[in-house]
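Listed below, chain by chain, are the residues.
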Amino acid sequence: MSDSEAGGASYDVAGYAFRIGWEGRSGQSIAARLFASSRVDVVPAQAASYGIYRRGEALEARCGESVIATADSEMELAAHLDAHIANAALEHLTGAVAIHAGAVARGDRTVVLAGTGGSGKTTLCLALCLAGLQPLCDDMLLVEEGGRQVRALPRSFLVKGDTGTWLAERLPGVRGCAFGDGLYSVPREALGAPLDEAVPTHIVFPTYVPGAPVRLEPLGQLAAMERLLPLACLPYQKLFGVVEVVRRAAPYALVYGSREAAALALQGLVA
Amino acid sequence: MTDRDRFPRRRRDVRTEALEDGLVAQSADGQKAHLLNRTAAFIWARCDGTSTVAAIAAELADETGEEPSRVRRDVAAAVDDLRVKGLVE
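Chains A and B supply the protein sequences, listed in that same order.
No gaps in the numbering here: position 189 of the first sequence is 200 in the numbering used here, and each next residue is one more.
No gaps in the numbering here: position 47 of the second sequence is 32 in the numbering used here, and each next residue is one more.
Derived by calculation from the structure, the hints in this document are not laboratory data.
Owing to the predicted nature of the structure, the values given are computational and were not obtained by experimental measurement.
Virtual Cβ for every residue (Gly too), placed ideally from N, Cα, C.
There may be inaccurate statements among the hints.
The list that follows gives simulated cross-link-like pairs (lysine to aspartate or glutamate, EDC-like), each with its CA atoms no further than 20 angstroms apart [unchecked claim]:
# : chain 1 : residue 1 : chain 2 : residue 2
1 : A       : 249       : B       : 51
2 : B       : 17        : A       : 228
3 : B       : 17        : A       : 23
4 : A       : 249       : B       : -2
The calculated label-pair distances, taken between Cβ atoms and stated as ranges, are [what the hints assert, rightly or not]:
#  : chain 1 : residue 1 : chain 2 : residue 2 : range
5  : B       : 13        : A       : 98        : 27 to 37 angstroms
6  : B       : -9        : A       : 228       : 35 to 45 angstroms
7  : B       : 15        : A       : 36        : 26 to 36 angstroms
8  : A       : 271       : B       : -6        : 47 to 57 angstroms
9  : A       : 279       : B       : 49        : 33 to 43 angstroms
10 : B       : 14        : A       : 224       : 41 to 51 angstroms
11 : A       : 176       : B       : 0         : 41 to 51 angstroms
12 : A       : 261       : B       : 23        : 13 to 23 angstroms
13 : B       : 14        : A       : 98        : 23 to 33 angstroms
14 : A       : 231       : B       : 51        : 33 to 43 angstroms
15 : A       : 228       : B       : 0         : 23 to 33 angstroms
16 : B       : 15        : A       : 143       : 38 to 48 angstroms
The following block holds chain A by itself, in its conformation from the complex:
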């Protein structure tokens, strides 16, 4: 395909239906890498409409007529578009609360990994998927009203830095998901049979401390709430769904300096 060719596709992310149109290879590549597993044949006429265009050396993303991001690289634009569509999907959902968390499952056990950027949510989710657990998501988890169940926004994992290189060494097929050196957009299907919903049984708050030995310790519910509240995108009227997760899932604090050691400790929770 030449860079001037136009195209488009339709997607549905957790009930948020939209079309993405593009001019050229970069737009197609970004749309496919982000939302491959959410592609649908038909979307409602009133679905949101996005566009990805090349503007000289830069890339531009639009929602309708509004420019939502410009960037110098596919990866950078993908990150902006991903965040925009995730937020739009969250606004579209009623009754759910989003928390900064990843989740993986084995059988009837589901581990939620809740933390800020840099705590290792994506890295630990990947390490656990390599150990055979099923992926839900790596960054944004929806707590359904009442807190009994969590839902994934079915998006690709965005993997950056040395974690991308580390993953590609262990899962060679992932090299095809590269945006650039060490940057990957990994479809959930590449990591195992993805799940969209689960009942959380454990909620873990990871802290990465270089060189630290792994320490996985139970947390009280109050301490868990203290850690979880800043990670929740709350309208506070939905607060009690988050409380219910802490009451139903056993909370743990994890300090780790090695992803392999941490993954091993976490596997003990779902054994």
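With chain A held as given, fit chain B onto it using these hints.
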């Protein structure tokens, strides 16, 4: 009337959920969540409008076996804090 003779009352429009080791209370305007530890939750539960701060302190001192005058000071401070948070009136 001194602080210890006051009758603090839980605001009825505050929504709460119990935890094993405390309580989550949502402010009346729904804009803020407050986390109360076991002791604060004990005091909150007894702010019924009929118990004085002194009576709540006596009950807590009985429960914990701690020195009553210190418990009275702590309970008075805790009730003030609950008032500042908009959880009692």
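Outcome of the hint check:
1. 249/A x 51/B: violated, 38 angstroms
2. 17/B x 228/A: violated, 29 angstroms
3. 17/B x 23/A: violated, 33 angstroms
4. 249/A x -2/B: holds, 16 angstroms
5. 13/B x 98/A: 27 to 37 angstroms: The hinted range 27 to 37 angstroms holds for residue 13/B and residue 98/A, with Cβ atoms some 29 angstroms apart.
6. -9/B x 228/A: 35 to 45 angstroms: holds, 41 angstroms
7. 15/B x 36/A: 26 to 36 angstroms: violated, 48 angstroms
8. 271/A x -6/B: 47 to 57 angstroms: Given range 47 to 57 angstroms: holds, Cβ gap about 55 angstroms.
9. 279/A x 49/B: 33 to 43 angstroms: 36 angstroms Cβ-Cβ, so the 33 to 43 angstroms window holds.
10. 14/B x 224/A: 41 to 51 angstroms: holds, 45 angstroms
11. 176/A x 0/B: 41 to 51 angstroms: Holds, at about 48 angstroms.
12. 261/A x 23/B: 13 to 23 angstroms: With a Cβ separation near 19 angstroms, residue 261/A and residue 23/B satisfy 13 to 23 angstroms, so the hint holds.
13. 14/B x 98/A: 23 to 33 angstroms: Given range 23 to 33 angstroms: holds, Cβ gap about 25 angstroms.
14. 231/A x 51/B: 33 to 43 angstroms: violated, 21 angstroms
15. 228/A x 0/B: 23 to 33 angstroms: holds, 31 angstroms
16. 15/B x 143/A: 38 to 48 angstroms: Taking Cβ atoms as reference, residue 15/B and residue 143/A lie about 43 angstroms apart, which means the hint holds.
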